[in-house]
Each structure stands twice: as structure tokens, then as C-alpha cells.
Amino acid sequence: MEKLFGLSMNSIAACLGSVLIIVLFALALVAWRSRVMFKLGLRPIPRRRAQSTLIVLGLMLATLIITAAFVTGDTLSHTIRSLVIDELGEIDETIRLGSGGRSYAPRSAAETFFKFSRYEELAAQLSGYEPIDAIVPAIQESIPAVNTTRRRSERSLQIVAVRPEDAAFVGAGDLADSTSNALRLDDLGPHEVYLNAPAAESLDAAPGDELKLYTGPKPTTVYIRAIATTGENPQLFISLKRAQALFDQPGRINIILISNVGDALKGAELTHEVTAHLRGLLTDKVVAAQIFEMLNQDSVAIDALREAAADQRGNTQQDLLKLADGLASPKLTDETRNLLADEGLTAQVQSILANADWRSQAARDRLEDLFADLSELGVYDIKRDNLDQGELAASAFTTIFVVTGLFGIAAGLLLIFLIFVMLAAERKSEMGMTRAIGGQRGHLVQMFVFEGTAYDLAAAAVGVALGVGTGFLVALTLGSAFAESGLTIRPYMTGRSLIVSYSLGMLVTFATVLFSANRVSRLNIVAAIRDLPEPPHSPTHLRDRLLAPFTTIVEGFRHLRRWRIFRALWTWIVGIPVSLLGIVWLGFTTGPLTLLLGLLMTLAGLQSSTGATYSLGVSFAIIGAGLTLRGLLALVLKKRPGLTDRIAFTLIGLGLTIFWSLPEDAFGLTQEFSYGAEMFFISGILLVAGAVMVVMYNADLLLRAILSLLGGARHLAPVLRMAIAFPLANRFRTGLTVGLFAIVVFSVIFMATMFKVNEAYFENIDALTGGFDLRANTNDTNPVPDLESAIASSPYVRPSDYEVVAAESTLAVEMRQGNDRWKTYLVRGVDAAYLDNIGYDLAIKAEGYETAEEVWQAVRDRPGYAVIDRYGVPSRQSTSIIIGGPEFRLEGIYFEDETMPPMVVEVREPRTGATFKVTIIGVLATEAYAAFNVYTSQATLDHALPFALSPTTHYLRLADSADPKSASLALENAFLKHGLQSTVLAQEIKDGQKSQRAIEYLLQGFLTLGLVVGVAALGVISTRAVVERRQQIGMLRALGFQREMVAWSFMIESSFVALLGIGLGAALALIPAYHMINSMTSDLPGLRFQVPWGVMSIVIGLAYGMALLTTWLPAVQASRVSPAEALRYE
Amino acid sequence: MDDNLIIQATSIHKTYHTGTVTVPALRGIDLCVQRGEMVAVMGPSGCGKTTLLNCLSGLDAADQGDIIIEGVSLSGMSDRERTDYRARRMGFVFQFYNLLPVLSAVENVELPLLVSGARPRDARAKALDALAQVGLSRRANHRPSELSGGERQRTTIARALVNRPAIVWADEPTGDLDSETSKEIMDLLVRLNAEAGLTFILVTHDKGVGARCARIVRMRDGLIENDSK
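Protein chains in written order, with this note's numbering: chain A, 288 to 1417; chain B, 12 to 240.
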């Protein structure tokens, strides 16, 4: 994986690695200077091995999650890269006729072939050009094929034809069969071909079988000589001469294959340079000059390009700036010409000019025509392109896992803090003594930091090791999820990812250790030594903070008076900003600045309609208001600080819980906010934090209720009394642990609830398929003109099985709205049978249409009317990740809108230039099994296009009595010569669901890792409690507590904390899930909220079981405390 | 056995093994205590006073010898039986109060009753009575951290008395108190001894405390050196 969040992994690794080295070096330096503190810091580690082990396990989770996410990304990246390499071998670029990248148009052979002499010219021009080590003429074309021997067909069999001497560039290495015998193209007889293994599997073919190849209406018969092991997609290999004859294109080819120097992967690194050079050679210089003349020294165009470049990064930014500079100079240079020949760049340039309203529409159209004419042959960096798409996919997956793992990481960081609080409590008197005999606070911080770093180093190593294992497990699960699609996942990891994981895990943990050490080292010396509660901060503390800048200035002058100039300067330069920061921090911690920040963010969020800013703003405002109230109440209720905190934090908690529990429209807001994936994490954390605050500050009321319910049982009363009193006495510690459990369980249950909705969503197959049962695809060259009639007259099928036969044609087009540039999309021309029977609902209907049926009828009856799929419309909730695909998006509406005006879109057929308009009056609902399609009537296309467009896809609804699988096979058998391939739609959806379910389980499993943290927290607290309460346990035993009563009180105490956290998390998770599902039902009426009882039971049972298991040992240890020894222990 | 004898200990030995060091804490103690006596056990640090108290009260098991409390031999009891016996028949007052900091005064006092199986409502009523006896009715709902030193010790005494024990064992009951508070506590103990006829065994360094007791047992090096009334 090369990039994460847009940053290069190499840069991330270098940066993090450097920071880690600096931090460790700085620590080593401090350790060398404070050797005593270093030894004191490390001393406890070997003495408390069980505790140390528990701490390491707790600390390693963040690193584990990060590592697993990166290993998953590396695996996907490597898998896709391997696939690309296997598929393309040494081929780095290709040259084809026309700007094929602008449309998805299937074209006839005549439109894709060019003269062989073009290759010879280019080869001559490139001789001596060092970055290229081979240039190969070839024919590559996908055609339908039928294995007449075994009656199997393949819609898209790629013919790969090269000269025998160029065979090494076909696939990875030379052609060979399964016994490694070389397969030479010039060994083939006049009617013989080689097939590769995927083709053989698809056609169920073996050597000797007869194939019919449909390069036109009349097939060509060939025989399979051998099966080659190369390639991932179905391919057929013949010599170039044979292919020219096959396609009736003597002396012509349709592709030139380019290989760069270096191996299959290294060659791709030269793509940018090679592509620019090739484009320069292939560009029509006259046309280039014309384009240059239009744009030369045009300040509007040049400024627009420079402005756009500021928002870009990397190569795109560089290219835009270079182009702007090139257009500003008086002469057309080679570099500028090469840039003008870059289709991707010029597509962007045209968008930029359209947005800047450059000149007139006519001028922009003229420019577009010139760009289209700039080169007859287009250069395609296919390998680089595919590798980049693969990287994007890998990066997207890693992002998903990292975001999903954020809950676990957050829980892990909380655990680190909790551990240090516990360690500090354990060593309170020791720390007090250290301070009493002259140790500075900084020495205490050093001790903790040294100890924490030692744990950190071990934990990060353990985390990386386990993370690698987890990552491989994830990869294997993904592999099984995608097994049926033919994708073979290849587990992989890079040293770079390990460095990033280890460094990031270490640094994140280290930062938390540093923060925790700083916090826990603040203590009152006497209170620490005597093990008394910390006294509250005196008012002078606040006064001192506010006056600190002034006292710092005075102190500086004092130093100056004593001629300590450097000290004076240091005091002023460092001390004043630090004291000012202290005041600012005070402003935040006491509330006013937090409130102000919250209000500002809320306003900003409302203005920009950004959900995250608005929601966080309101949350900060609630927290700030609560803290401010706390300060004010403290003045009034001086003698009751407990009550002050209870009121303030209960109100904060209630505020946060209510805000994050209610739907947006509960607050009367009508505007639509845009949300990203991060909202899942933010909303979860704040909702849980709010609820935990409310519960912990009012836990005594809750417990009184429990005691009154259960405390009447005589023998339970003393045990229950103790089990409940201890967690209540240490609210912070208990609250942290409850929060840990709640966060993790929240994330798992929320995800499970949403996944359950997915299951319900997929239950309604008709909504997904539009009411059709089969999809039949035929090939372009030999379609079935009238399938309905053909079925009626075919002896191989039972016509009564097929109730409805609807036809659909496909046309790759360019579309634009208003003055925008042309962008690619797909149009489907559907017949009346389709429009009368399609059951797809619509998410948005144009004004004046009440139902989806009315819209479909309008499309049928009024030529030019159309419906677009949901991906053609932007969405405010940008959680979808779409990689690749057509460019067009309808502007002026969002998928979340209730209605729309009819919207006119211009459509252009790229080959003929035929242009027509469609009026879009609806947007397909989410469940429609369609992507990147505009549906209009076949009549609309027949009227608009200068050629006949035959339907190549048919949708069939079967009679109730018909078996889908049998009916599907019968169809394929009946129309074998047309290469008809039939798919049972319900099965296709189910197969897709299987993969999705595997990924869902994976994500849930990933989230459940966080439970380890909660359990570790309980384990740490319980172990610590045995030590802390040793004397109290002795007294309880003296008073008559039996051993098992002591053990039970520990177990019940842990149960209370664990169940409170688990229950809170589970209950809270259902709230946002409910609202989210409710908001989705407007688009997906069939959706309904369902509690995932199964998953909930498993998660709750697992969490509680693990919690009990962790507490059992400390409970047994506590029960074995000897009263006599404990009561001696001070 | 004399019916009035509440404690009869014969030839009590107790040795501690800490790593490679063996410490004979009690080397053959014989002790009898009459019902209603107030006995002070005194001696230098390390003489075995607390060990003796632990063994006699059943908090710890003696290695050798026989301990009979109210005619019941502790020596043959299992840990469960000793614990049960403590819950019903013993009260404890220690130097560092040993009140549970997470419970209020009344909750601390009622705990032994709850352990003995009393109904929570009854336990609460008796606990409040006990606190009243020691003059702490108004402080019943305060946590130990909110009580003064003397109040904490009085709470401990109330807890020790609430289940009407046969014997109250006190290890340095005034060790952490100032002289005035110590006097108050001793006045309370003496009053309780006189009014209720409770048997008290006090381990103490304080001569003033010893002087208030009817009998002083002096120990040295794990043996009784002197036993005077």
C-alpha cells in the first residue's frame, strides 16, 4: 500500500520512524542523566510479573489494530498488484486508436484497427529511446465464443495475437502448458489456437475441442491445441497474421504494446515519462498549434488553471502549473504539446475552463473538438492506472479498518490512563516520600515515563506480532469471501508497514503515558505519605494562575537584577507564553472558553452545513456551559463540593446524551448536513461519555435501588453491601472502566444492528431485481433480435415458463448538464415490456409525479424522458467509496432530497457525434440493482441515433411453476450460438451477500477486539484492589466474612461494573441505529429496525464471561488473605 | 473447667517462618481469663502480644497448644468454624480503626450483624443503638474520613459491641490518639466493662491504659513474664 489518507507511506514511515528515534534518543539521554530515576522506574517490572504482563496486553491493543489494518492494506495492494502483473506481464502502456478512455463504447473492429505502418513509424521514432525496451504490434479484441463440443459459451473471450517472436510479452513470461512445455505460436496449425486456463474453465474446454469464434455474424471454427497456464482472464492466443485474417483486417493491428525497461513492476515507474514522450510523438502538431493559439496568453484560462492547481496535489498539480506556464509563454514547446496530449489532464482543463465560464460555449465546444482530433492514436498507461486503482482500493480498505478500529484504539488509550492511575495509587506513599526527601515532580514524571516506555516497547512489539497474525486472518477471511469471484487473496506485509505500525503504536501509547505520568505526579506530599484523600484546590490556586504572567515578568526582572541575564530571558521567552497558555487552558477547563469555542463551531457548522463541525460545536457548548455552571455553583455551595459536581456533570452528561440520541429534526433544523465516516466514531464516544457521566454521578441512587431490591436477602446483604460500596467510592476509576466496556460494546452492537438491516434489505429480492428473475446477455456481434419470439418458437425451452421478456440495449455516451463539459455515462434503452413490468422504486420523483409507476409510464409514453440511478446523483452523506466508473453526476439535487424539478441533460454518442436531450424525472431507489445507468425508452434511442442499436440484455420474469436454475440453463442451451449467458438474479444477489456478510463479520470481529481492553481494565483494577484493600479484607475476615464471601464480593463488584458498561453500551447503540434506519426508510421503505438479539447475546455473554474470568483469580487471592497478616500490614 | 473462665489457653506456641528466618513468636503461653475481666497485655515491641491476641481470638491458628473460649476449643476448629465463631462471639478494636472507608458509620457498625445473618432492618436499628451508646447518634451517616480520631475509635467500639460479643479484643486501641481522646476512650471501655460485664483483652504499650485495667499480663520474648492484678 503506497498511500494512506493521501500521504505517501514512505513519507509516513520516514516521519514516524524519525520521530520515534528522536523520542527514544531523548529518553535515553534523560535516562543517562537520571540513572537513579531510570532504575526506580524499571524496578517494579520484574517484581510484578503478572501485573506487568497484564499491562503489556492492555497497551498492545492500539498497535495490534493499526498493524492489522496495514497488513490488510498491504495484502490487498499486493493481491491486486500481482493480478495486474499476472495479467499484463511486461506491458506497461498500450496505444490504441481514438480516445477510448472517454467512453465505455464497444466498437466494431473496423473502428479499432489501424495500419501496421503506424507501428513501424513509431518503432523507428522510438529506436534509441532508452526508457522503452520493447514495442510490440498486436491484436487484442474480446469476442464471444462457443465450445460446440461441450455446449458452453463465453461472452468475452480475449483474442491475444502477436508475432511469434513477441510471444514473451503475452502474459507473464513465455506461453507454456501445465507440464511446462513451451507453446509456440508458430507451431499452431491453420485452425488451431491456444486457450489459457481461465478460458478453458469458462468454456469447459480441453485440447481438441471445437470452438466457434464470433468476430461477426458468421462464426469462425477453430480447434484447441493446448491450454496455457498464463493469465487471469479468459484468453485465446494466435499469431498476428492469423488474427488479421480472423478479423478480416489484413495489414492492420488494433493495439501497440509498450514495455518499459525494468521488470514488470519497475517498468511502471517510468510510465509518466514514457507516456508524455509517446503523446508528444503521436500528437498532430497542427492541431496542437491550433489549441495553443486558442489558449495562448489568455489570462482568464491561465489564471483559472493556476487557481485550480492550488487545490490539487502531486503530478496533477505539477502538470496544471506547467501547462499554465507553457500557455503563458509565446512559443509552443514540446513539453506543452505533450501536456496537451494528456487526455486526463485535458479533461480536467476543459472542466476548469467551463467552471471559469471561459469565452463562449461555442468556443469551448470548438476546443473540445480540437482535443478530440489532437491524436489519432491514444496512449494508455494501463498498468500504472490499474496499480493506482488497486492502491486506492487497498487504501480505502485500510481506512475502513482504521476508522472501525478507532473505538478499540480509544479504549486502549483510556486503559493506559487507567493503568497509570492505578500504578500511581499503588505507589502513592512512595511518591510522597520521594517528594518529601527532595525529589521534584519532574522526577516522578520521569519514573513513570521510563516504566511506561518499557511497557510500551514490549507492548508495541507484541501488538505488531499479533497484529500481523490478525491481519493475515482478515486476509484469509476476505479470501474466502471473494473466492467465488475468482479473486485469490495473497497475504502480504511490507517492512514499511511494520515500521509505521510499530512507530505509530509506540508514539500514540507514549503520548498517553506522558499525559498520564504528568497527571498522576501531581500530589499533595502529606496526603500521599499518609494515604489520605487529595485536598481540593484552594482558591489561591486559581488566583495564582491568573496572575502567573505578571509574576513571571517580575521574576524575570528579579533575575536581571542579580545579573542572571540568560535566566531572565528564559523566564520571559518561555515562562510568559507558558503562563498565558495556562490561563487559556484554565479558560477551557473551567468552561468559558469551551463554551465560546462550542458556540463558534456551531455557527460555523450551520453556515457550512458540515455535520461534524455543528455537532461537535453543540457538544463543546454543552460541556462548556456545564463547567461554567460548576464554577458558579462552587461559589454558592462551598461546603458541598460533591453536590456541585453531581449537578454540573449530570447536566453535561444529560445534555450530551440527549443531543446525540435525538434525530436532527428534533431540534427544528431543516437544513441537511453532510457527514463523513468519522461521525460514527465521534457520536459513539460522546454519547457513551455523556451517559457514563450521568450514571456515575448518580450511581448511589441506582445502587440504593439495587440494594433495596436485593439487599433484603440476609446472606446476600453483607456481600452486596461491600460489592457496591467499593466501585462507588472510586468514581473515576469505575467510570473509566464502565466507559471502556460501553465504548466497545456500543461499536459492536451498532454495527450489528446496521448489518441486520442489510439482511432485511436483501430479503426483499423483488425490490432488488425489479421483479425479474433472470438476466440474459448476448453478444454484440450476434444478438438475438427478438428473444420473445425466439423463445416462443424454440424447441429447447418451455415458452410458458417465461411470462415476461423485456429487452434492454446499452449505449456508452457522454452527458453534460448546462455548460459543463462532456462526461462519460451509460444509457439503457428499454422496451415497453421492461417499462410496464419493472418494479424498481424511485428515491426521488419529479414534481407532479406521485408514484414510481407514473414515472415509468411517462418514460414509456413520452420519448426523451428518463430515470437515473442513485450513483448519478451526489449524496450529502459521503460514506460511500467509489473507485473508478463513469464521471457524470447530476447537479442541482442530492440523493437525500424529497423531490426534484425535471432536469434536462444533453447526451452525445461519441462515435457518430449524434446529440439529443433527455429529461430526467426520477432517481432510482437504493435497492435498485443498477449502477451508472440512465434508463430511457428504446424509442428515444431509435429516434436519436443514426444507427440501429440492438438489445443485448434481456430481463425475464418466470412463471411461478418454473424453476429458475433449469429455466436459465435451458435458455443458454437454446441460444448457444448467440453466446447467451443467463444469470439467476436472486442467486447472484445471494452470492454477493455472502461476500458482504463475510466482510461484516470481519468488521464486527475487529471491533470486538476492543473487549480485550475492557477485560484487561477489570483485571488490572481487581488485581490492584486485592493489594489496596488487604487490610480491609483482613478486617472483614476478622468480623466474620467467610472466604467465599470475600471472593463473591469481588466477583459481584466486577459484575456490577462490567454489566453496567455492557448494558449502557448495548442500549445506547440501539438509539443512533434506530434513528439512522428511520432516516433510511424514506429511501428504502422496506427497511425496518430490528434488534440483533443473536449478536447481542453473544457479545454480552462473551464480554461478561471474559470479565468474570479475569476477576476470578484476584477474587480467589483476596479470599486467601490471612486476617492476622493483613491486619499487621500497613 | 471453671464456669467463670472465659479464656483458657494452655501451652500456646506460634512460630513464623519468613524466608530463611524462623521467629518463635510464642514459646509456651498459659493464660486464663475470667468472664468480665479487663486484661492488659503489655510488653516491649516484638514480645508476641499481638500474636497472642491473634491466636486467642482465632484470627490466626497456634502451632501448638489448646485454646478454649467459653468452653469451646478453637484448636480443633476449621477456618470456617473460627470465622463463624468470631462473627457471633467476638468484637475487635484495632489501632488504626480499620473502619471500612467506603461505608458510613452506621453501615460499618451494622456489618457484623449482617454477617451473622440478622435482618437488615434489625441490624440497622441495633447499629443506631450502639452508636447512641457511644454518643455518636448524630454522626451515623458520616464516612470515617469525616469523623475525628476519637469519633472513629468510638465507632469501632460500637461495631465491636453491636453483636453482644463474649470478648472484645483491642490491639493498641489508643495508639493513634492524643492523651485527652485516649482518656475518653478508656473511660468508655471501662464503663462498658463495668456496666455490661464485657470481657476486654487489650494489647497496649501505654502505661496509662494498663493502669486502668484490672489485670496486667507482661510478656517478653514470647513468654509471660509477669501476671499481676
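Be a bit skeptical, because a hint or two may be false.
As the list claims (entries may be wrong) - Capping the alpha-carbon separation at 25 Å, the derived lysine to any residue pairs in SDA-like fashion look like this:
(1) A:K609 / A:D1107
(2) A:K925 / B:R154
(3) A:K926 / B:R150
(4) A:K925 / B:V83
(5) B:K137 / A:L1003
(6) B:K137 / A:A992
(7) A:K926 / B:R154
(8) B:K137 / A:L997
(9) B:K137 / A:V1314
(10) A:K326 / A:K926
(11) A:K1110 / A:G729
(12) A:K1277 / A:N1045
(13) A:K715 / B:E157
(14) A:K926 / B:G161
(15) A:K505 / A:E479
(16) A:K925 / B:R150
(17) A:K926 / B:E157
(18) A:K1264 / A:G729
(19) A:K925 / B:L158
(20) B:K137 / A:P451
(21) B:K137 / A:E1193
(22) A:K528 / B:R154
(23) B:K137 / A:A1012
(24) A:K1110 / A:E479
(25) A:K715 / B:R154
(26) B:K137 / A:R991
(27) A:K1277 / A:G729
(28) A:K326 / A:N1045
(29) A:K715 / B:A151
(30) A:K499 / A:G476
(31) A:K1110 / A:D1123
(32) A:K499 / A:L568
(33) A:K925 / B:A151
(34) A:K715 / B:F107
(35) A:K926 / B:K137
The hints are simulated quantities; they were obtained by calculation from the structure and are not laboratory data.
Tested hints:
no.	hint	result
1	A:K609 / A:D1107	24 Å, holds
2	A:K925 / B:R154	19 Å, holds
3	A:K926 / B:R150	17 Å, holds
4	A:K925 / B:V83	56 Å, violated
5	B:K137 / A:L1003	19 Å, holds
6	B:K137 / A:A992	23 Å, holds
7	A:K926 / B:R154	16 Å, holds
8	B:K137 / A:L997	21 Å, holds
9	B:K137 / A:V1314	32 Å, violated
10	A:K326 / A:K926	44 Å, violated
11	A:K1110 / A:G729	63 Å, violated
12	A:K1277 / A:N1045	12 Å, holds
13	A:K715 / B:E157	21 Å, holds
14	A:K926 / B:G161	23 Å, holds
15	A:K505 / A:E479	18 Å, holds
16	A:K925 / B:R150	21 Å, holds
17	A:K926 / B:E157	13 Å, holds
18	A:K1264 / A:G729	84 Å, violated
19	A:K925 / B:L158	19 Å, holds
20	B:K137 / A:P451	106 Å, violated
21	B:K137 / A:E1193	92 Å, violated
22	A:K528 / B:R154	99 Å, violated
23	B:K137 / A:A1012	21 Å, holds
24	A:K1110 / A:E479	42 Å, violated
25	A:K715 / B:R154	22 Å, holds
26	B:K137 / A:R991	21 Å, holds
27	A:K1277 / A:G729	62 Å, violated
28	A:K326 / A:N1045	56 Å, violated
29	A:K715 / B:A151	30 Å, violated
30	A:K499 / A:G476	16 Å, holds
31	A:K1110 / A:D1123	30 Å, violated
32	A:K499 / A:L568	40 Å, violated
33	A:K925 / B:A151	23 Å, holds
34	A:K715 / B:F107	19 Å, holds
35	A:K926 / B:K137	31 Å, violated
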